[in-house]
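Once you've looked at the hints, dock chain Z against the given chain A.
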Amino acid sequence: MPDSTAAAPYLQLSGVHKAFGAFTALNAIDLEIQQGEFVCFLGPSGCGKTTLLRIIAGLETPTAGRIEQAGRDITIAPPAERDYGIVFQSYALFPNLTVADNVAYGLVNRKTPRDEVRRRVEELVKLVGLPGSEKKFPGQLSGGQQQRIALARALATSPGLLLLDEPLSALDALERVRLRQEIRALQQKLGVTTIMVTHDQEEALSVADRIVVMNHGVIEQIGDAISVYREPATPFVADFVGKVNVLPGRIESGELHVGQFKLRTSASERAAHGDVKVYLRPEDVLARPAGGGTPSFAAEDPFVFDAEIEKIEFLGSFCHVHVQSAAFAPHRLTVYLSLNFLTEQALNTGSALRLKLLPERLRVF
Amino acid sequence: MSTAASVSATPSASAPAKLAQRVHWSDRVAHVWLLVIAFVLLAFLAAPLATILMQAFEGKDREFVGLSNFIAYARTPALLSSLWNSLWVSVAVTVITIPVAFLFAYGLTRSCMPWKPLFRGVSLIPLLAPSLLSAISLIYWFGNQGIAKNFMQALGISQIYGAPGIVLAECFAVFPHALMILITALSLADARLYEAAAAMGTSRTRKFFTITLPGAKYGLLSAALVTFTLVMTDFGIPKVIGGNFNVLATDVFKLVIGQQDFAKGSVVALLLLLPAVFTFGVDHYVSRRQTAMLTARAVPYKPSPSTGFDRVMLLCCSAIALLMLAMLGMAIFASFASFWPYNLTPSLRHYVLGLVDGEVGEGFINSLKMAGGTALFGTLLVFFGAYLLEKTKGASWLRGPVKMLAMLPMAVPGLVLGLGYIFFFNAPGNPLHGLYQTTALLTLCTIIHFYTTGHLTAVTALKSLDSEFEAVSASLKVPWFRTFWRVTLPICTPAMVDIARYFFVNAMTTISAVVFLYSPETKVASIAILNLDEAGEMGAAAAMAVMIAAISAVATGAFMLLARWVDRRTQAWRGPR
Numbered sequence: 003m004p005d006s007t008a009a010a011p012y013l014q015l016s017g018v019h020k021a022f023g024a025f026t027a028l029n030a031i032d033l034e035i036q037q038g039e040f041v042c043f044l045g046p047s048g049c050g051k052t053t054l055l056r057i058i059a060g061l062e063t064p065t066a067g068r069i070e071q072a073g074r075d076i077t078i079a080p081p082a083e084r085d086y087g088i089v090f091q092s093y094a095l096f097p098n099l100t101v102a103d104n105v106a107y108g109l110v111n112r113k114t115p116r117d118e119v120r121r122r123v124e125e126l127v128k129l130v131g132l133p134g135s136e137k138k139f140p141g142q143l144s145g146g147q148q149q150r151i152a153l154a155r156a157l158a159t160s161p162g163l164l165l166l167d168e169p170l171s172a173l174d175a176l177e178r179v180r181l182r183q184e185i186r187a188l189q190q191k192l193g194v195t196t197i198m199v200t201h202d203q204e205e206a207l208s209v210a211d212r213i214v215v216m217n218h219g220v221i222e223q224i225g226d227a228i229s230v231y232r233e234p235a236t237p238f239v240a241d242f243v244g245k246v247n248v249l250p251g252r253i254e255s256g257e258l259h260v261g262q263f264k265l266r267t268s269a270s271e272r273a274a275h276g277d278v279k280v281y282l283r284p285e286d287v288l289a290r291p292a293g294g295g296t297p298s299f300a301a302e303d304p305f306v307f308d309a310e311i312e313k314i315e316f317l318g319s320f321c322h323v324h325v326q327s328a329a330f331a332p333h334r335l336t337v338y339l340s341l342n343f344l345t346e347q348a349l350n351t352g353s354a355l356r357l358k359l360l361p362e363r364l365r366v367f
Numbered sequence: 064m065s066t067a068a069s070v071s072a073t074p075s076a077s078a079p080a081k082l083a084q085r086v087h088w089s090d091r092v093a094h095v096w097l098l099v100i101a102f103v104l105l106a107f108l109a110a111p112l113a114t115i116l117m118q119a120f121e122g123k124d125r126e127f128v129g130l131s132n133f134i135a136y137a138r139t140p141a142l143l144s145s146l147w148n149s150l151w152v153s154v155a156v157t158v159i160t161i162p163v164a165f166l167f168a169y170g171l172t173r174s175c176m177p178w179k180p181l182f183r184g185v186s187l188i189p190l191l192a193p194s195l196l197s198a199i200s201l202i203y204w205f206g207n208q209g210i211a212k213n214f215m216q217a218l219g220i221s222q223i224y225g226a227p228g229i230v231l232a233e234c235f236a237v238f239p240h241a242l243m244i245l246i247t248a249l250s251l252a253d254a255r256l257y258e259a260a261a262a263m264g265t266s267r268t269r270k271f272f273t274i275t276l277p278g279a280k281y282g283l284l285s286a287a288l289v290t291f292t293l294v295m296t297d298f299g300i301p302k303v304i305g306g307n308f309n310v311l312a313t314d315v316f317k318l319v320i321g322q323q324d325f326a327k328g329s330v331v332a333l334l335l336l337l338p339a340v341f342t343f344g345v346d347h348y349v350s351r352r353q354t355a356m357l358t359a360r361a362v363p364y365k366p367s368p369s370t371g372f373d374r375v376m377l378l379c380c381s382a383i384a385l386l387m388l389a390m391l392g393m394a395i396f397a398s399f400a401s402f403w404p405y406n407l408t409p410s411l412r413h414y415v416l417g418l419v420d421g422e423v424g425e426g427f428i429n430s431l432k433m434a435g436g437t438a439l440f441g442t443l444l445v446f447f448g449a450y451l452l453e454k455t456k457g458a459s460w461l462r463g464p465v466k467m468l469a470m471l472p473m474a475v476p477g478l479v480l481g482l483g484y485i486f487f488f489n490a491p492g493n494p495l496h497g498l499y500q501t502t503a504l505l506t507l508c509t510i511i512h513f514y515t516t517g518h519l520t521a522v523t524a525l526k527s528l529d530s531e532f533e534a535v536s537a538s539l540k541v542p543w544f545r546t547f548w549r550v551t552l553p554i555c556t557p558a559m560v561d562i563a564r565y566f567f568v569n570a571m572t573t574i575s576a577v578v579f580l581y582s583p584e585t586k587v588a589s590i591a592i593l594n595l596d597e598a599g600e601m602g603a604a605a606a607m608a609v610m611i612a613a614i615s616a617v618a619t620g621a622f623m624l625l626a627r628w629v630d631r632r633t634q635a636w637r638g639p640r
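Quick mapping for you: the protein sequence lines, in order, are chains A and Z.
Counting from 1, position 81 in the first sequence corresponds to residue 83 in the numbering used here; the numbering is continuous, with no gaps.
Counting from 1, position 22 in the second sequence corresponds to residue 85 in the numbering used here; the numbering is continuous, with no gaps.
Among the hints, erroneous ones may be present.
Partial list, derived from the structure: chain A residues whose beta carbon lies under 10 angstroms from chain Z [said to hold, decoys possible]:
id: 1; residue: 77
id: 2; residue: 83
id: 3; residue: 84
id: 4; residue: 90
id: 5; residue: 93
id: 6; residue: 95
id: 7; residue: 97
id: 8; residue: 107
id: 9; residue: 109
id: 10; residue: 110
id: 11; residue: 139
id: 12; residue: 144
id: 13; residue: 145
id: 14; residue: 158
id: 15; residue: 167
id: 16; residue: 247
Okay, the calculated bits of chain Z under chain A, using three or more residues with CB under 8 angstroms as the criterion [as the list claims (entries may be wrong)]:
id: 17; stretch: 336–349
id: 18; stretch: 549–555
These aren't lab readings, by the way, just hints derived from the structure by calculation.
Note that beta-carbon positions come from the ideal geometry of N, C-alpha and C, so glycine has one too.
Chain A on its own, in the form it takes in the complex:
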């Protein structure tokens, strides 16, 4: 991953602010993106992620702030004077032009010789995995194929920056997973700096070098997938990215009290005295069967507690298991268990479980 301190950033946003009348869409956005990076803007609808992308594209003008691309101030440059290719959720392919004409749309205008245009179109159509479709009209292609052509058109002029505005939202689930991996592979092959807007956390986690989590017009956290997931900077990020148990707790002289547990972690020592919320991921609780037989947790382990299965939510290879335990009563916990484990141990609603908390994984806000 590119080192964010060394080279000058390829794209730099400072103090970007956007207001629509009285409504503040974006507030004090500072962001640096390195050459060749794949960055995702992630957030719920209305969080300002698309507005931010449109500002970078010059389709909206920020109310205040400054944007630099490759050392050039582009804050108030019109779209035509910027260097980027863009792909929209709606594909926005020209329906009356063939695939070849669509892909060549930006090339023809640059007075590229005809042979070269044809060669480049062929190369691009092959690059996105649709060789031989040059003579077809967009209407004859599936959604996924159309989006690939839109990608080829955006890349045709070899832009320095690729902007993807929810490119996968209009596709069905399988196609979405396939295309996002293709986009990632293509991006790595070409090394083009890429920004993708998405509201799908799985999409962001699986393809991005770095994720910019946004909410209510501000950046909540910037980080790679693991750090956003494991070390959410704010309750919003913890809640929005992945599933999480939220438990009431209390900090007393550097010690965290949650349920029946009193524990001391690096986080609890930093936290101020008072009531807190404790965030615990479902997979950060390990499970063993309660009875003997298979090696269980030692009962004297301070973080082990007994629980009873209340409900099993079947999700496929893994299940969300809702458990009840004296340790956290009256609050229930959701833990993440594999279907194999449940089957092997013959666990069902009402079965007893022995669980172990991973204290370092607890997040306290």
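Below, chain Z alone, put in the same frame as chain A:
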């Protein structure tokens, strides 16, 4: 360039500097064109209307006289009675036409009766001829020498000239206008509502009163308002069949052309403008409600066969269609009759008389010139204007006013527009004075008169295009006019053919706006008919009206063929449909 942007990275909290994007040269080109459109609309719409407004407040020597013209008007009992006549006749026509048109539209959209396309075609006949065709036809049916005069008198109507004739003829003339609105309103039904009602065992009558009627209420309101306004402002019919029964529209003509009383004429014109502006406002409000009702997920309603109901609908629609055919048929029959009512053997006497002696032949050439010009230049102006408004950016100060000006003609009766043209272009000081009484001005006036419908068609077509085409083009460094030429225009050609057809047919049949503007050299056919009627040459007038209808029908057919050809040439990408 980048040094010009002296924007601090951290804006001060008190007064953040508002950023404005640099304008790309291609956007400047768009702004210049938008200015051109704005100028055309200002010079040929806003300025003439403003002149009427000024005239209404000016005395003989162009001095400001406040409301005294209005007071003088209110003190003229004859003029006041015209106002009353206009109002009650318009209400009467609305009350008769709307239920009949609703029944017809209901049959077309909600039954499985046979021959629907035929009925649709027949219902559009009144659009092909000047509105006065129906008045002429009524005179042959019920006039002093009409063949059904005795039948009418048995019904208690002593003579057709006057209110009865106007009401009947107007019902015929406005029928297709009301019908089109009602068909649209009734087609916008969501089948899921009817399925849900059927699942709950709802009766047909209850479905009609709880789903159909509430769903169509905005359409009904809109159709009623449009009917009222059209009757209020129509000139041809009361001129031909009104006799001594005066209405506002004929008053304007008499005051301005007969008595040269421009001040009172302007006052009456403003009175005509009022209901139209009111209608426009309500319609604008209603149409927004109407679209909000139908979500993208609605399932279009498809009627299912029901023998008894379909038969009743067929009967009703046939009766209405036969009445319409009777109206056109009589005009055709009379136009060929040698000497009404004594010698009914067919001859071309009236056609020869009209074309040669009445100099209507020249009128037809002028009409075709004007209609062709309106169709060609009107379509280009309207479509390009709509494109600039919808798809280019920047110059936002200009967009609101231009949009308003594009919608304004809907609210301006042709008679008022024509009057404004006299006042504005006949003024000796006007640099555009040279246009007065030329075919060019007649064409421009007609384009403006029918601008809004064309504009709305173009906007609808443009709105259906992906809104990101322009953004993609800009990112590929392709200027907007290239995308306009390569993408937008080819996709929208069917809509443009539609606009051109609308312009052509309306230009062939219009009377109200151009009646003030012609000279002997530029007189169009529809006006020539009016003159023939005034000269007592009823047969020739009928013949010429039938000819206009025939030309309009042929032109409509030609435009349909053109549309099919264009479809094949430019819409191949839509794939087999």
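Do the hints match the structure? See the list:
1. Annotation: interface hint on residue 77/A holds; nearest CB of chain Z at approximately 6 angstroms, less than 10 angstroms.
2. Residue-level restraint check for residue 83/A holds (minimum Cβ-Cβ distance to chain Z is 7 angstroms; threshold 10 angstroms).
3. A cut of 10 angstroms between beta carbons decides the hint on residue 84/A: the least distance to chain Z is about 8 angstroms, and the hint holds.
4. Residue-level restraint check for residue 90/A holds (minimum Cβ-Cβ distance to chain Z is 5 angstroms; threshold 10 angstroms).
5. A cut of 10 angstroms between beta carbons decides the hint on residue 93/A: the least distance to chain Z is about 8 angstroms, and the hint holds.
6. For residue 95/A, the interface hint holds, since its Cβ comes within 10 angstroms of a Cβ in chain Z; the closest pair sits about 8 angstroms apart.
7. Restraint check, residue 97/A versus chain Z: the minimum CB separation of about 5 angstroms is within 10 angstroms; hint holds.
8. Restraint check, residue 107/A versus chain Z: the minimum CB separation of about 6 angstroms is within 10 angstroms; hint holds.
9. Interface hint status for residue 109/A: upheld, as the beta-carbon distance to the closest one in chain Z is roughly 8 angstroms, under 10 angstroms.
10. Hint on residue 110/A holds. Least Cβ distance to chain Z is approximately 8 angstroms, under the 10 angstroms limit.
11. For residue 139/A, the interface hint holds, since its Cβ comes within 10 angstroms of a Cβ in chain Z; the closest pair sits about 4 angstroms apart.
12. For residue 144/A, the shortest C-beta to C-beta distance to chain Z is roughly 14 angstroms, which exceeds 10 angstroms, and the interface hint is violated.
13. Contact between residue 145/A and chain Z, as hinted, is not supported at the beta carbon level, the nearest pair being about 14 angstroms apart and thus beyond 10 angstroms.
14. Against a cut-off of 10 angstroms between C-beta atoms, the interface hint on residue 158/A holds, since the closest Cβ of chain Z lies about 8 angstroms away.
15. Of the supplied interface hints, the one on residue 167/A holds, with its beta-carbon coming within about 9 angstroms of a beta-carbon of chain Z, less than 10 angstroms.
16. Residue-level restraint check for residue 247/A is violated (minimum Cβ-Cβ distance to chain Z is 37 angstroms; threshold 10 angstroms).
17. With 0 residues bearing a CB less than 8 angstroms from a CB of chain A, the stretch 336–349 of chain Z misses the requirement of three and the coverage assertion fails.
18. With 4 residues having a Cβ less than 8 angstroms from any Cβ of chain A, the stretch 549–555 of chain Z passes the three-residue criterion, so the hint holds.
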